[in-house]
Amino acid sequence: MKNINHLLAELEQQRLEKQTRRHFLMDCVSKVGGLALAPLLFSCGLGSSKEKVNGLSLSERDLNPLAPLPSPFLPKSKSIIYLHMAGAPSQLELFDYKPELVKYNNKPCPESLLEGRKFAFIRGVPNLMGPQANFSQHGESGAWVSDFLPHFSKVADEVAFLKAVHTDQFNHGPAQLFMQTGSPRLGRPSLGSWVTYGLGTENQNLPGFVVLTSGGKTPDAGKSVWGSGFLPSVYQGVQCRSKGDPVLYLEDPKGISRDLKKSIISSINQVNSEEFDHYGDPEILARINQYEMAYRMQIEVPEVMNINDEPDYIHSLYGTEPGKESFANNCLLARKLVEKGVRFVQLYDWGWDSHGTDKANAIDLGFRNKCKEIDRPMSALLLDLKQRGLLENTLVIWGGEFGRTPMQENREGKTMGFKGRDHHVDAFSMWMAGGGIKKGASHGLTDDFGFSGIEGRVSVHDIHATILHLMGFDHETFTHEFQGRPFRLTDVEGEIIKEILA
Amino acid sequence: MFMPKRKITGLLTAAMVLLVAGILIFRQSEQVDFSTEVKPILNKHCISCHGGVKKNGGFSVLFEEEALALTKSGVAAIIPGDPKNSELIKRLHEEDSEMRMPYHRASLTDEEIKTLHKWIKQGAKWGKHWAYNPVLKPTVNWVSQQAGFSDSKKKYQGIDFFIHEKQKENKLSFSEDEDSRKLLRRVSLDITGLPPTEALQNDWLTGKITYEQLVDRLLDSPSFGEKWASWWLDLARYADTKGYERDVSRTMWKYRDWVIKAFNDDKPFDEFTIEQLAGDLLPNPTQDQMIATAFHRNTMNNDEGGTEDEEFRVAAVLDRVNTTFEVWQSTTMACVQCHSHPYDPFRHEEYFQLSAFFNNTRDEDTHDEEPKLRFYEEEDREKIASVLSWANSNGSKKQAEALTDFFNFREPKYHAHLCEDFVNGELIDTKWLGLWHDGSCYLRNVDTQGADQLLMHYNSGLNGTKLTIRNGGPEGEILSQFIIDKTSNVTKSFPFKKIPIPVDLYIKVENPKASPQQSTSAITWFAFVNSLPGKEKEGYKEINDRFNSVLNSKVPTLPIMIENPSLMQRKTHVFERGNWLLHGEEVNPKTPEALNSWNPDWPNNRLGLAYWLTDRENPLTSRTFVNRIWDQLFGRGLISSIEDMGTQSEAPSHPELLDFLSYNFMNELDWSMKKLIKTIVLSKTYRQKSNLSPELYQQDPKNKWYARGPRIRLSSEQIRDQALYVSGLLSQEMYGAPVMPFQPEGIWETVYNGESWKLSEGEDKHRRAVYTFLKRTSPYPSFITFDAGSREVCVSKRIVTNTPLQALVTLNDPVFMEAAFHLGQKMKKHSNDDPLKAIAFGYELCMVSPISPSKIAIFHSLYDEALSEYQKKPELMAELIPDDANEKSAELAAFTIVANALLNLDEFLTKP
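Which chain is which? The protein sequence lines are G and X, in order.
What the first sequence shows, in our numbering, is residues 1 to 502, in sequence order.
What the second sequence shows, in our numbering, is residues 1 to 912, in sequence order.
Worth flagging that the hints you see were computed from the coordinates, not collected in a lab.
Treat the hints with care, since some could be wrong.
[What the hints assert, rightly or not] Using 27 Å as the maximum straight-line C-alpha spacing, the simulated DSSO-like pairs for lysine-lysine come out as follows:
1. 254(G) to 689(X)
2. 383(X) to 398(X)
3. 55(X) to 118(X)
4. 571(X) to 118(G)
5. 118(G) to 243(G)
6. 758(X) to 324(G)
7. 90(X) to 55(X)
8. 438(G) to 340(G)
9. 797(X) to 758(X)
10. 262(G) to 90(X)
11. 243(G) to 758(X)
12. 571(X) to 262(G)
13. 414(G) to 486(X)
14. 84(X) to 217(G)
15. 508(X) to 118(G)
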């Protein structure tokens, strides 16, 4: 097996090398936007192996740290769309059907479940709370999906569920960091950074790692959830926004026309090229390259971020409304971005912290509305990727940073005005779909209350190991030297979840 | 005594493999060096399975006694003197792949096996990693680095001597000296972070001052402190917010100002260290020494609801251990938190012995970030003086001292989060004590020290709440009883029954007017402070009023380190597998065995730790500092892994030079940071041209051998400051609260946090970058793009990147456009009717050097193109030029365009 995989990986590498080389040449020759960069001819003709440029032996990564690299092993997916529901949605109202819990609704939680445990807000003995949604089985796989997600239930056969995910962080910030960087403390690179560091990106006119947020807030843990940690900052996520410049400082200043901007960049690069003749420092070549890319980005990013021109059927599929910041718009953008060759698209949707302290975060009210907001677009995303043939090499991941308790929250011992659930680390649900994922699979089982996993428990490190595997990495050998030791995303743990692989 | 000899030995060894037996016998007589020859082999091939984390087969090569101990199989893997019977050697030769080591990995080279064989034969003598040996007096004398070197016997002196020696080995040599203008710009950017002033340019270029005088003038400039503070603040993880989920503002800037002043005053690095780590423990500390301790209050503080303060207090303590060791010892301690260090000789329990130094400070991750130093205005200072003098004359000196501390930093006090066993009550948002009607809780093991007065900090939305404090429980003796009325945050005093021993306080409130589950008040803390003496005397009431008024005076504050009084001492335990809830054995403060010894005269606390770090026997402090300064100036350290000097670090490129500088930094320069920087920038090594030929690039792409000058992209701070400086916008104002220059809309979207970015007014928009407000979860965007960090954890080195997003910043960010407009204005003003002259002038302002004919041609054609565009389209011109500008013309617009291009040139963004 291994030998065949190696052969296939080599083939893929050759294909990639040819492709990047061709792209690079084409980009140079066609000079998108007609950028007249005569002195730049030397920057063409670089492959991923070292070649001589003006007497310097350089690799493409010397000039462009995001140049695509082949995966070390045969990848099942080329790009990732990660839908993170910040605040942690309740698995008990979505995918983890617990009929037994209905019977115990409003009854005190057995002491055995509470012994030696800490919760964020629950104090004393809370009551159990039955599912607040109705469940039924869907598709050929017979997946249990609640009536909070009517659209998604129709595409349930496309995904593999993980029903017994666990984490060890019960506060949002640390748990989001753990889910996105493999460590609850700051300073580690995010999943998207690791992947773009390892693979670069296919489209040099767009960022390789794009972050889109909705719900009006950035995630609790701040921008570090898409930070590059100890990796160079070029691998951090680039936040693309719905309001203002889609990428910060993308828009030309007022009073500068496109033609004039082209001349400005052309002048800068001509002078830089002269500077290179004087100093011979390859960093100058890299900078020339970055200015060309910046110019092309100014054209291509607004194009890809503009959903006005999408056909009506696409808008009705996703439920998108151009000009708004919404999860729906972000799902459509995610599809457009991976279609254009972006390596990693990370969505954060804020507003899932359903404690029941008010209407907006009540399980049966605000939470239900949040479900409505994501149901159609995330289902549309899977369908749209599929109809374009993109789903087979795009990995789609959905989940929060932890789950919710089977008990109703009694904040600091109080009775609450609304139905809510506290943070829960022992068991929660996630799903994955697309390249390399077994369709219609469901892995893991929780106890009758949905409190703990009793079968197929998987950790955050296991999920990371699986994602990296699908992207063609061995999570144990994909490392970066820092502080005198090799660091990896999965630290010293992580098992690939074979049960959900195709 | 260092590497070179070893290196030569290595070369000889390779050559001699083919040689005759006679020579082999000669080799046998040579001692194998553990640290440079054996340890690297063990680290490379063995230690990941047989080290600090895993000890497969019960065998570890981390510590001597572990390596020589019996393994699981019952025999020792290493038998000193007997390689043939040593399992370690046997396993290297095994044919069976299940038996051969390294397990399922490539086998060792013959040469490596021979080295191990020989080492065991010679007795398997353990040795220390070079960096853990003290810095010895170098054999090369410290030659004064004055310009016009005196000692003519050697071609090169000091730094240059060592650099030249390595160059010779690598068949390289120095480049010629950089031309005077480029050198001027380089050294000015390096020392002050700014281009040279006009006066300095004139003095230097006309030969009025020597290079050394130029360097002295730069070091004397107040800009020096502002430049180097940015670097230190990365290490200190300084920010203006607390971090974590809510990430609300904190007032830390007095610490930032302390750092700037310390650099400008050239505070010796040992004092600089001691004051930051333990200023509060110095005898009669000054206010500045107290401010310095905020270094370790830069740890994050978690306000997220539902988080336990103790967990994050512990996280802060561990961060202090990790940061102290990264900053002063280039040692990664974080891994020792969970297990013995995987490579370096630090044991699991040693980590917690170190944490014991930091585990007894008053801060407890509370929302208010106490303890905080208070900065009183004159009026309050007078009140305090009168209260203290009253206490002194009517009571005791001791009471006056306790009051002084309480005025200064409000300690000791008990925080609300210590309350437990709530009945009808809660810890509001896990922060404040909120008891409902008929509610109660306990505050246990409180040592009131027999005080007759309770001070309580609280707010309340209700009138008429009766609060009763009893001794021990609901039936206990009443210690204090009073009524709380509606109030915003207030510190109030109440009479309290004297109790000489620690007791459990039972706190009960009653207020039938409160709605069900409504908190009657929110209490932040309790303190026990004797009331003022002399109650019977005239004037008492006024003095007591002054006391209470000062307690409630709104003053600027700064979180600082304060050691726990004896009544609040915490015990420190090993955390099993690093889990703070799993307590192992108790430990006391102690420094690691592998490093310098402890002087019994030192106090066994943070102050002693600071003395230990700055002791001349400490092998790592001076080396670390020298290496970091070198890295700042050359873009690469003498040890390239800036954050790590341990056994896995890259070998130093110039070990003798590192020690030469480290020894003399302590002994000749008396820890003067300015003198060290001066020494380096006076060297020929620093002053070389930075031009690069393809051959040189091939030979030394990373400039490890310094056959050319340092050519590095400027930092985010320098890039901004320089653009503002050349356009004439940069404010000269120093110090003070952080500022908010222009930032695009919608950057701050932090959850549960109502704060917003409010554009600063006037010249505050154009202050130096070091004064820009730094929000950890959302730092100033253009700085992040140019590789600055979020300052959540200590960062030893920013990795320089080169990305299209950087181009977008300097091309389009309104900050840079504003600078371009003002630069364009200056150019036009200089030569209104001669664009060529104006362009040349603008270029020289930016680059300090004159423009070349070919470059001026490029810009001239850009100018012409822009001019004709703006002449044709006056509406575009009107958009480009700010509304409030005095003049609007196509010429001015065209100069703005040229200026925009100038501010984007690689040479502008790069130190020449």
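Hints versus structure:
1. 254(G) to 689(X): Measuring from Cα to Cα gives roughly 40 Å; hence the hint is violated.
2. 383(X) to 398(X): 19 Å, holds
3. 55(X) to 118(X): 24 Å, holds
4. 571(X) to 118(G): 23 Å, holds
5. 118(G) to 243(G): Violated, at about 40 Å.
6. 758(X) to 324(G): Within the cut-off at roughly 25 Å; holds.
7. 90(X) to 55(X): Within the cut-off at roughly 19 Å; holds.
8. 438(G) to 340(G): 25 Å, holds
9. 797(X) to 758(X): Violated, at roughly 31 Å.
10. 262(G) to 90(X): Distance of about 68 Å is beyond 27 Å: violated.
11. 243(G) to 758(X): 19 Å, holds
12. 571(X) to 262(G): Violated, because 66 Å separates the two Cα atoms, which is more than 27 Å.
13. 414(G) to 486(X): 23 Å, holds
14. 84(X) to 217(G): 67 Å, violated
15. 508(X) to 118(G): 26 Å, holds
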